[in-house]
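Work out the full structure, taking the sequences as your base and the hints as a guide.
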Amino acid sequence: MPSSELQAVLDAAVDAIILIDHGGCVQVFNRAAERLFGYTAQHILGRNVSMLMSERDRDQHDAYMERYLRTNVAHIIGIGREIQGRRKDGSVFPAFLSVGRIAGSDPPRFVGFIHDITLRMQALAAVQRERDRANRYLEAAQTMLVALELNHRVTLVNRKGCEVLGYEEEALLGVDWFETIVPAEQRATAMREFDALAQREPRLPYHCEYAVLTRSGMRRQIAWRCVVIEASKETATRVLCSGDDVTDARSAEAEAREARERMLHVSRLATLGEMASGISHELNQPLAAIANYAQASRRLLSTAPTALTDVDEALEQIAAQALRAGEIIRRLRSLVRNHATDRELASINDVIEELGSLARADARASDVRIVLDLRPDLPRLRLDRIQIQQVLLNLLRNSIDALEASPPERKEVVIRTEPDGIGDILITVTDTGPGVPDELLQRLFMPFVTSKIDGTGLGLAISRTIVEAHGGRLDHKANTPSGATFIVKLPAEQGPEA
Amino acid sequence: MREPSATVFVIDDDDAVRNSLRLLLKSVGLPVQICASAQQFLPSYDPRQPGCLVLDIRMPGMSGLELQQQLNVRGAIIPVVFITGHGDIPMAVEAMQHGAFDFLQKPFRDQDLIDRVQRALERDAANRAQLKETERIRSRLESLTPREREVLELVTLGKANKVMAHELGVSQRTVEIHRARVMEKMAAHSLAQLVRMMLTLRGSAPAPP
Chain C
1 MPSSELQAVL
11 DAAVDAIILI
21 DHGGCVQVFN
31 RAAERLFGYT
41 AQHILGRNVS
51 MLMSERDRDQ
61 HDAYMERYLR
71 TNVAHIIGIG
81 REIQGRRKDG
91 SVFPAFLSVG
101 RIAGSDPPRF
111 VGFIHDITLR
121 MQALAAVQRE
131 RDRANRYLEA
141 AQTMLVALEL
151 NHRVTLVNRK
161 GCEVLGYEEE
171 ALLGVDWFET
181 IVPAEQRATA
191 MREFDALAQR
201 EPRLPYHCEY
211 AVLTRSGMRR
221 QIAWRCVVIE
231 ASKETATRVL
241 CSGDDVTDAR
251 SAEAEAREAR
261 ERMLHVSRLA
271 TLGEMASGIS
281 HELNQPLAAI
291 ANYAQASRRL
301 LSTAPTALTD
311 VDEALEQIAA
321 QALRAGEIIR
331 RLRSLVRNHA
341 TDRELASIND
351 VIEELGSLAR
361 ADARASDVRI
371 VLDLRPDLPR
381 LRLDRIQIQQ
391 VLLNLLRNSI
401 DALEASPPER
411 KEVVIRTEPD
421 GIGDILITVT
431 DTGPGVPDEL
441 LQRLFMPFVT
451 SKIDGTGLGL
461 AISRTIVEAH
471 GGRLDHKANT
481 PSGATFIVKL
491 PAEQGPEA
Chain F
499 MREPSATVFV
509 IDDDDAVRNS
519 LRLLLKSVGL
529 PVQICASAQQ
539 FLPSYDPRQP
549 GCLVLDIRMP
559 GMSGLELQQQ
569 LNVRGAIIPV
579 VFITGHGDIP
589 MAVEAMQHGA
599 FDFLQKPFRD
609 QDLIDRVQRA
619 LERDAANRAQ
629 LKETERIRSR
639 LESLTPRERE
649 VLELVTLGKA
659 NKVMAHELGV
669 SQRTVEIHRA
679 RVMEKMAAHS
689 LAQLVRMMLT
699 LRGSAPAPP
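Sequence lines, in order, name chains C and F.
Taking our numbering, the leading residue of the first sequence gets 1, the next gets one more, and so forth.
Taking our numbering, the leading residue of the second sequence gets 499, the next gets one more, and so forth.
It should be emphasised that the hints constitute simulated quantities derived from the structure, not laboratory data.
Because the structure is a prediction, the values reported are computed rather than measured.
Note that CB positions come from ideal geometry on N, CA and C, so glycine has one too.
Take the hints with a grain of salt, since some may be wrong.
[To be verified] Here are some, though not all, of the chain F residues that point toward chain C, as calculated from beta-carbon distances under 10 Å:
(1) D511
(2) A514
(3) L522
(4) L523
(5) K524
(6) M557
(7) E564
(8) F606
(9) D608
[To be verified] The calculated SDA-like cross-link candidates involving lysine to any residue, where the alpha carbons are at most 25 Å apart (straight line), are:
(10) F:K524 x C:E313
(11) F:K524 x C:A320
(12) F:K524 x C:K477
(13) F:K524 x C:R298
(14) C:K477 x C:N349
(15) F:K630 x F:K524
(16) F:K524 x C:A291
[Stated by the list, open to error] Restraint ranges, calculated between C-beta atoms of paired labels, are given here:
(17) C:R298 x F:E620: 20 to 30 Å
(18) C:R333 x F:Q595: 32 to 42 Å
(19) F:E651 x C:R298: 53 to 63 Å
(20) F:Q616 x C:L440: 47 to 57 Å
(21) F:E564 x C:R257: 44 to 54 Å
(22) F:E620 x C:A276: 50 to 60 Å
(23) F:E564 x C:R250: 30 to 40 Å
(24) F:Q531 x C:N479: 47 to 57 Å
(25) F:E564 x C:D373: 23 to 33 Å
Here it is, written out as structure tokens:
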């Protein structure tokens, strides 16, 4: 090949090509080498190649050459290695060097191909940094991270996971997660949900909650969020589960719930205590009637044994009155019982009418009339019957107390139900008493605020809590010319059941 | 005119209690009228009607106590047996202070009610008899002349004829004539009977045996 053609080939190469003699003197320096190192060929030809190397490589280069020439054993030729090149401006860059001995040259000459790997090294470093960071996150995470294969084998567990479970990482890797960690009675369900997750399309993150058993046999309640890690669009390979230990939160929730139940219960008992006189009167009525009917029947049977029509009527009434008394006791019991929160779909009118006998007993004792104005055909509500009755009893009692000094013809409380036109139900309790004093208006629903001498100041606060827990509102409105209206707004149940 | 028969009026707003009381009283042969409220009872009640009231102390609208006061204002003398609940003792005491005949706590034994009702009816009969007697005495008293009234006053004070003659400035004979006239007009057979009549009129005498 003519030397001009050879020069053209050399100059067309992308990598730098440098030819040196056995003394390291540069004999060829192609165009790419000029671009890479910043020297012109003219400047570099005849000089020692070591000026193109970093200080570190320069010493090694001399040693390599010396050894090769002495022993003929190559450490680099045909293999290549990473080196640090040095540009004209003194800057250093990573490069990959392949070296070959020019066949038949003696003393030997060498050709070197130098490929700039700056970008590749940068990319590698970035990947490494990313991996380090991910690992740090994984380890620093205050959430448990566990990766499972589809066959339930553990392939990854972070420090938090080990900490909660009480195992070393090595002890967990490779074990069957559900067999080892999940308590027996929850195992089947947890496993079924996991298996379904891998099958399901689309593969959305999945939330579940199940307990784990620590190595010491403790049980911790964990809320899990699982995502499928996909090898390709079609195949799931692993599931990454992050878990938060919610044991303490759950028990705190349960405690708070219990405390709330207790408070509601105590407040109900207090309300019923205030109503005791009215209720005992209301119970006495049917009992008195039963006694009268029974005694009258005995007399009739002994003095006028043919008066069976009267006796029959008396017996019928005895049965009816016994049921009436039983009904009052049943209502009372359900309000006295410390029951667990229990929501059901119910007609608000039924809930109010159920309260009727107790409410009337209370009202009667204070000579107050209760007027029910209940709109028929209202949608049903999802509610805790006892709690809503507690709210209404509270409001009713407030009204009855407010009417104490009113003239007899104004002693009336109206309980009304109506739709509000936008899907909610309004229950209003209205009286014509003196109304809420101005100085109380701002603090009406705050606990321990009361205008009653023996009031606890908890009634309205608790009532509002109950109504809000039902997704509703409890508000007050002043009446003209006087009196108070309390408005309970409850959301109607949506959907076909309603 | 024939006297209307004694009737037990039961006033209670509770249907069951009211009807059971009616049946109970009917079973011992007492005439009963029932009424669901005090307001309903009051305008229809004729004070001349003998009997007694069995009255629920606690009712919406006009309570038993208020009805009792209304009847007192109208001068009705009908005895009232109040029916009370457990918590109504203070009200029962108030009722007794206003002249109630008795009270019963619900529920009660039939015999207790019947006994009280019977006694109330007896009391009513006695009251009415006494009232009639008082009326009679009063009309006789009104037939006396002023001078005879003066003699009556002095006689019942236990003054001797001679003393009366001196005090009135008339002769002893004249006093004797007046006195005989008084005894005759008052239909009194003895001084003791005359004194009792005057005490009856003042409302401080025990009912005659």
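Practice problem: Hint by hint, work out which the structure violates, then give me just those numbers in ascending order. | Solution: 12, 15, 22, 23 and 24
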